[in-house]
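Chains as they are written, first to last, in my numbering: chain P, 414 to 521; chain D, 414 to 521; chain X, 64 to 199; chain V, 64 to 199.
Don't read these hints as lab results, they were simulated from the structure.
Computed from a prediction, not measured in an experiment: that's the story for all the values here.
Some hints here could point you the wrong way.
Said to hold, decoys possible - From chain X, some residues computed to sit far from chain V (all C-beta separations above 12 Å): (1) 70; (2) 80; (3) 85; (4) 88; (5) 97; (6) 117; (7) 121; (8) 136; (9) 153; (10) 158; (11) 168; (12) 181; (13) 193; (14) 196.
Said to hold, decoys possible - Calculated cross-link-like contacts (lysine-lysine; reagent style DSSO-like; alpha-carbon spacing at most 30 Å): (15) 162/V - 147/V; (16) 483/P - 450/P; (17) 483/D - 450/D; (18) 450/D - 162/V; (19) 162/X - 483/P; (20) 162/X - 450/P; (21) 162/X - 147/X; (22) 483/D - 162/V.
The C-beta atom is built at its ideal place from N, Cα and C for all residues, glycine as well.
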Amino acid sequence: MDITATPVAGGMVVTLQGEIDLYSSPRVRERLLGLLKERPSRLIVDLSAVPYMDSSGIATFVEMLQQVRKQQGALRLVGLQANIREVFRFARLEQVFAICDTVDAAMA
Amino acid sequence: MDITATPVAGGMVVTLQGEIDLYSSPRVRERLLGLLKERPSRLIVDLSAVPYMDSSGIATFVEMLQQVRKQQGALRLVGLQANIREVFRFARLEQVFAICDTVDAAMA
Amino acid sequence: MGPSSLTVIFPAEARWLAAIRALVEQSCLLTGFAEEVTYRVKLAVDEACTNIIRHSYSSRSGTITLDVEVGNGAMTFTLRDRGKPFSPEGQSDLPRELKPGGLGMPLIQQVMDEVEYSRTPGGENLLRMVKRLGRN
Amino acid sequence: MGPSSLTVIFPAEARWLAAIRALVEQSCLLTGFAEEVTYRVKLAVDEACTNIIRHSYSSRSGTITLDVEVGNGAMTFTLRDRGKPFSPEGQSDLPRELKPGGLGMPLIQQVMDEVEYSRTPGGENLLRMVKRLGRN
Ligand SMILES: Nc1ncnc2c1ncn2[C@@H]1O[C@H](COP(=O)(O)OP(=O)(O)O)[C@@H](O)[C@H]1O
Ligand SMILES: Nc1ncnc2c1ncn2[C@@H]1O[C@H](COP(=O)(O)OP(=O)(O)O)[C@@H](O)[C@H]1O
Chain P
414 MDITATPVAG GMVVTLQGEI DLYSSPRVRE RLLGLLKERP SRLIVDLSAV PYMDSSGIAT
474 FVEMLQQVRK QQGALRLVGL QANIREVFRF ARLEQVFAIC DTVDAAMA
Chain D
414 MDITATPVAG GMVVTLQGEI DLYSSPRVRE RLLGLLKERP SRLIVDLSAV PYMDSSGIAT
474 FVEMLQQVRK QQGALRLVGL QANIREVFRF ARLEQVFAIC DTVDAAMA
Chain X
64 MGPSSLTVIF PAEARWLAAI RALVEQSCLL TGFAEEVTYR VKLAVDEACT NIIRHSYSSR
124 SGTITLDVEV GNGAMTFTLR DRGKPFSPEG QSDLPRELKP GGLGMPLIQQ VMDEVEYSRT
184 PGGENLLRMV KRLGRN
Chain V
64 MGPSSLTVIF PAEARWLAAI RALVEQSCLL TGFAEEVTYR VKLAVDEACT NIIRHSYSSR
124 SGTITLDVEV GNGAMTFTLR DRGKPFSPEG QSDLPRELKP GGLGMPLIQQ VMDEVEYSRT
184 PGGENLLRMV KRLGRN
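Next up, chain P with everything else stripped away, as it sits in the complex (with noise of 0.2 Å):
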């Protein structure tokens, strides 16, 4: 798992590159809660180059969206491969992250 984030106007673009399973999430995790230190007023996590996620992974986005809601700051997800956004869809989450196509798009 490959972390790189990048301070953008408003906020910070993260992107995670490779696998989000039980293995690689509390990574995530961590690094997230780590930004979200910083208070951004907008996350942005790029999703584009993750080719696999699993419930773990999307636990840790639904406890970034809680922890950036207490900030009253954004999450953005952006680039969902289309098997990602099915699971977002089976666990009736693709209304509740503001889900975007591109990071222009996010940064809007």
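Once you've looked at the hints, dock chains D, X and V with the ligands against the given chain P.
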């Protein structure tokens, strides 16, 4: 394993797609032997969509090379991925086969 | 070709999950499942293993046995562990409120055609999941 | 993390080889092998399984057991079968003339850091192959 054959001026281009191992190589062998019955002056095998090949694949091509030589034809292998090219090198067969970068080069 | 099965025995550790998924994926493709179905099946088996690691063994050491059976137009996955007993009643609905968790069992139910938990006389948990060809 | 190992038991049938390779591939990546090395290791294990199917069991039915051990900067693969006894002497050189075959054993030797055949008192063939991190 997907195998498609296209007649071209002066020969036949065969495109293979998928991994070549003990499971799939018998089918590759049968198909190529069938095509060789038509005695093409040149058999061009496009391997650019073959991500894996083991020694049963190499053995198949050695057999085809022997057959083609008997028929006074030519066999050219095209588009070998780096890992597969290395297996030919390991087997000291890189110089034995006519290996070309592209189908165009193989037709020249 | 007729039915055939493979067995894999691995430590209840998250680091092996990627290898198990890769094995399941290739078995699905061998059976003739489409790629989207393969993804779902991979997910369901992964979720079941994750639950054994986290809940049955409570992240302590233990062994998981997975049988993968192909043939007859279906795949059957049987997971065995020696962790604590578990009854799945009431775990197959999605959570009502937003919370981080509670999705694994509903996902398994949504993907698989049959899901069956039992405790063997020998003291093993047994989870049997069937996915048939030609279904989503 | 410390060493850990996984065991897979499968029928000596070519259709399972893709699943075995996928498992080996993920185990290599987990260990930290580069992609080219991973390809070679996958190839070597595949060649060893292919030989068991074709030669040890002569394409008749039988079972193959593969142990994959990770950790301590190396991977160890142990293959067991109950086919006919085999002694590998003189099989590790490339063939001198052009012929379809005879490449499997030389490829295994070229890829692995250690290759060891033995026959167990229980009547099993045992092939142990070690690949160390940081080598080509
Ligand atoms: N294999 C298992 N062994 C013991 N308990 C389990 C097992 N699988 C699931 N459970 C129980 O069922 C609950 C719901 O599981 P699940 O839907 O996968 O969500 P989560 O694992 O996120 O809690 C778990 O919290 C756990 O209490
Ligand atoms: N596991 C095995 N059991 C029995 N005989 C074997 C085994 N592996 C290899 N051999 C013998 O060694 C020979 C060389 O093997 P190999 O280099 O893989 O080439 P090939 O399999 O193409 O003949 C085989 O032809 C076979 O006689």
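Okay, the hints, checked on the actual structure:
no.	hint	in the structure
1	70	violated, 5 Å
2	80	violated, 9 Å
3	85	violated, 4 Å
4	88	violated, 7 Å
5	97	holds, 17 Å
6	117	holds, 17 Å
7	121	holds, 18 Å
8	136	holds, 16 Å
9	153	holds, 33 Å
10	158	holds, 31 Å
11	168	holds, 25 Å
12	181	holds, 22 Å
13	193	holds, 19 Å
14	196	holds, 16 Å
15	162/V - 147/V	holds, 25 Å
16	483/P - 450/P	holds, 12 Å
17	483/D - 450/D	holds, 12 Å
18	450/D - 162/V	holds, 20 Å
19	162/X - 483/P	holds, 14 Å
20	162/X - 450/P	holds, 20 Å
21	162/X - 147/X	holds, 25 Å
22	483/D - 162/V	holds, 14 Å
The structure fails hints 1, 2, 3 and 4 (numbered hints given earlier, in ascending order).
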